[in-house]
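J.: Whole structure, please, built from the sequences with the hints as guidance.
2 protein chains.
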Amino acid sequence: MCNFAELPKTAHLIEVGPRDGLQSEPDFFPTAAKIEMIRRAVRAGIREIEATSFVHPKRVPQMQDAAEVIQTILPELPPEVEIIALVPNEKGFERAVAAGLRKVRLVLTASQTFHRKNFNQSIEETQAEFAQVFARGKAAGVNCVGIIAASWGCPYEGRVAVEQPLRLAEGLEQAGATEIFFADTTGMAVPTTVYRLLQEAVARLSVPVGVHFHNTRSTGYANVVAALQAGVNRFDTSLGGLGGCPFAPRATGNIATEDTAHMLNEMRIETGTSLEQLISTVTWLEASMGKKLPGQLAKAGPAFL
Amino acid sequence: MCNFAELPKTAHLIEVGPRDGLQSEPDFFPTAAKIEMIRRAVRAGIREIEATSFVHPKRVPQMQDAAEVIQTILPELPPEVEIIALVPNEKGFERAVAAGLRKVRLVLTASQTFHRKNFNQSIEETQAEFAQVFARGKAAGVNCVGIIAASWGCPYEGRVAVEQPLRLAEGLEQAGATEIFFADTTGMAVPTTVYRLLQEAVARLSVPVGVHFHNTRSTGYANVVAALQAGVNRFDTSLGGLGGCPFAPRATGNIATEDTAHMLNEMRIETGTSLEQLISTVTWLEASMGKKLPGQLAKAGPAFL
Chain A
200 MCNFAELPKT AHLIEVGPRD GLQSEPDFFP TAAKIEMIRR AVRAGIREIE ATSFVHPKRV
260 PQMQDAAEVI QTILPELPPE VEIIALVPNE KGFERAVAAG LRKVRLVLTA SQTFHRKNFN
320 QSIEETQAEF AQVFARGKAA GVNCVGIIAA SWGCPYEGRV AVEQPLRLAE GLEQAGATEI
380 FFADTTGMAV PTTVYRLLQE AVARLSVPVG VHFHNTRSTG YANVVAALQA GVNRFDTSLG
440 GLGGCPFAPR ATGNIATEDT AHMLNEMRIE TGTSLEQLIS TVTWLEASMG KKLPGQLAKA
500 GPAFL
Chain B
200 MCNFAELPKT AHLIEVGPRD GLQSEPDFFP TAAKIEMIRR AVRAGIREIE ATSFVHPKRV
260 PQMQDAAEVI QTILPELPPE VEIIALVPNE KGFERAVAAG LRKVRLVLTA SQTFHRKNFN
320 QSIEETQAEF AQVFARGKAA GVNCVGIIAA SWGCPYEGRV AVEQPLRLAE GLEQAGATEI
380 FFADTTGMAV PTTVYRLLQE AVARLSVPVG VHFHNTRSTG YANVVAALQA GVNRFDTSLG
440 GLGGCPFAPR ATGNIATEDT AHMLNEMRIE TGTSLEQLIS TVTWLEASMG KKLPGQLAKA
500 GPAFL
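Chain order of the listed sequences is A and B.
Going from the first sequence to my numbering is simple: count from 1 and add 199.
Going from the second sequence to my numbering is simple: count from 1 and add 199.
Please note that the accuracy of each hint is not assured.
[What the hints assert, rightly or not] Just the calculated beta-carbon pair ranges, DEER-fashion:
1. A:Phe503 with B:Phe503: 34 to 40 Å
2. A:Ala232 with B:Gln320: 51 to 57 Å
3. A:Thr209 with B:Ser223: 35 to 41 Å
4. B:Lys290 with A:Phe503: 32 to 38 Å
[As the list claims (entries may be wrong)] Some chain B residues flagged as far from chain A (calculated, every beta-carbon gap over 10 Å):
5. Asp226
6. Pro256
7. Asn288
8. Arg294
9. Lys316
10. Ser321
11. Val361
12. Glu378
13. Pro407
14. Asn414
15. Arg433
16. Ser479
These are computed hints drawn from the structure, not numbers from a lab.
Fair warning: this is a prediction, and the values are worked out from it, not measured in the lab.
Don't be surprised by glycine CBs; every beta carbon is placed ideally from N, CA and C.
T.: Have a look at this one:
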């Protein structure tokens with residue numbers, strides 16, 4: 200049996216809509232709209248935002264305005280708001296820091312095949328490159344967060360042994376990662392597998408642990424609760440559940456910020472967000488994108504007023 | 200912290216698509232298609248099906264073929280498959296038994312306002328009427344299952360004190376209910392409130408306890424896991440997640456049979472169903488209805504083959 204009374208009292212939501220959410224959108228979302236999306240998220244109480252990624256603009260054209268987004272938004276935000284970005288390599292790190300960022304995210308994949316598809320090199324080659332990035336991060340006082348993609352399964356290799364993401368996480372921590380996030384990139388995790396990996400991760404790692412869930416097969420929110428039960432309370436979410444997965448084109452993507460905040464509110468876990476403002480931001484986002492997003496709270500409204 | 204190792208090893212899925220799923224569909228789903236839907240569910244391994252409701256045909260025209268559906272399907276099914284129906288009153292009970300049913304469901308609502316909207320009478324008036332039905336059920340050897348609608352909240356009255364559904368459940372058990380189901384009719388429950396009510400219900404009731412969740416606000420599958428953690432393993436589900444809620448017209452309805460079965464499979468909880476056949480039934484259902492359903496597994500496919 201389970202003791203829900205021992206759940207964390209607060210949760211930290213990291214808004215990844217502007218990066219992971221928009222990344223797979225075929226149409227370019229205008230720079231001004233990206234900036235407005237970040238502003239609105241901050242107004243709704245979000246305190247950490249993955250705003251963009253410093254990848255090669257030819258590889259991800261949607262993120263070609265990375266420097267402009269960061270340079271516009273940074274000066275106007277209160278100091279308690281953290282703006283972060285994904286960097287794939289040393290070049291990306293340089294660009295991110297030049298734009299003013301003090302925290303970046305570095306991704307390894309828990310399966311070799313999937314990693315090679317993403318990075319065009321082996322896990323070991325990326326690890327070697329990241330060692331340089333970590334060294335520069337340490338020297339410059341820039342926090343480097345390690346992300347382990349496909350921690351619960353890979354669309355190419357299938358099941359991933361629990362030791363694989365754990366081993367990569369320990370390596371990233373030793374290299375200097377200041378936080379570790381485990382990502383269920385294509386929505387293959389279920390509460391029992393989430394709990395098993397995270398319980399182990401929390402026991403073995405000294406840095407804060409977070410998670411990134413996709414709701415591809417309806418388990419995303421159940422996985423949030425399993426993570427909380429393992430003591431993990433840092434969640435990547437995206438406004439409206441924006442962000443699909445290229446491997447399951449008709450399936451929904453990230454867990455929605457507003458649906459997660461609503462569930463946590465009702466569970467008496469404080470997120471610091473305003474449901475009303477999250478919903479109005481989703482309404483604005485849907486109008487801006489000209490389509491409905493998969494998050495459900497904006498459709499159904501909060502359970503209790 | 201939580202011990203996922205103590206979860207039930209099996210789960211029993213009750214397919215409610217033919218009744219709760221179809222009930223709110225504006226277009227009449229042909230009788231032959233309803234029968235085919237039940238046949239396919241049985242072929243996919245489902246062992247209990249809420250096939251229809253014996254309500255007044257003017258009140259719910261979709262269910263006007265209740266007797267025909269039951270009389271056609273009953274003779275052809277193997278004895279281990281239970282076909283059940285909702286009955287609102289003694290008249291409905293008579294019709295259900297005349298059609299050959301040996302198990303029916305009776306609904307009370309945990310809030311007075313919502314109950315009156317559904318039944319046009321008070322909870323107490325319905326309880327009095329049900330006493331007659333239970334007596335006739337006992338005499339005829341027909342099992343009567345008690346359902347408590349709006350157990351976790353009411354769209355009119357808001358929050359529902361945990362004692363209210365528990366008190367109604369105890370009353371139904373005393374009257375002769377052979378099982379009790381708690382329903383989150385408009386998707387207002389979260390894992391902590393699910394756990395709180397069910398832990399209490401399991402402790403107080405002697406009959407088997409089940410649950411009926413809607414995914415209106417993305418918490419349906421998380422609530423399934425919380426129910427399992429409270430020791431409850433009987434779940435109403437509907438193929439494709441068919442079945443909206445009139446109070447949240449654009450939000451999805453029941454938790455999907457195939458998504459629930461997939462999650463439970465991955466959690467090593469046996470449901471006795473074939474994912475492949477559940478998915479092909481959803482594909483058939485979507486084609487028959489000419490629309491996409493909210494369940495995600497039919498879109499994304501199983502996580503692992």
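J.: Against the earlier hints, flag every one the structure doesn't satisfy and list their numbers going up.
T.: The structure conflicts with hint 14 only, although it agrees with all the remaining ones.
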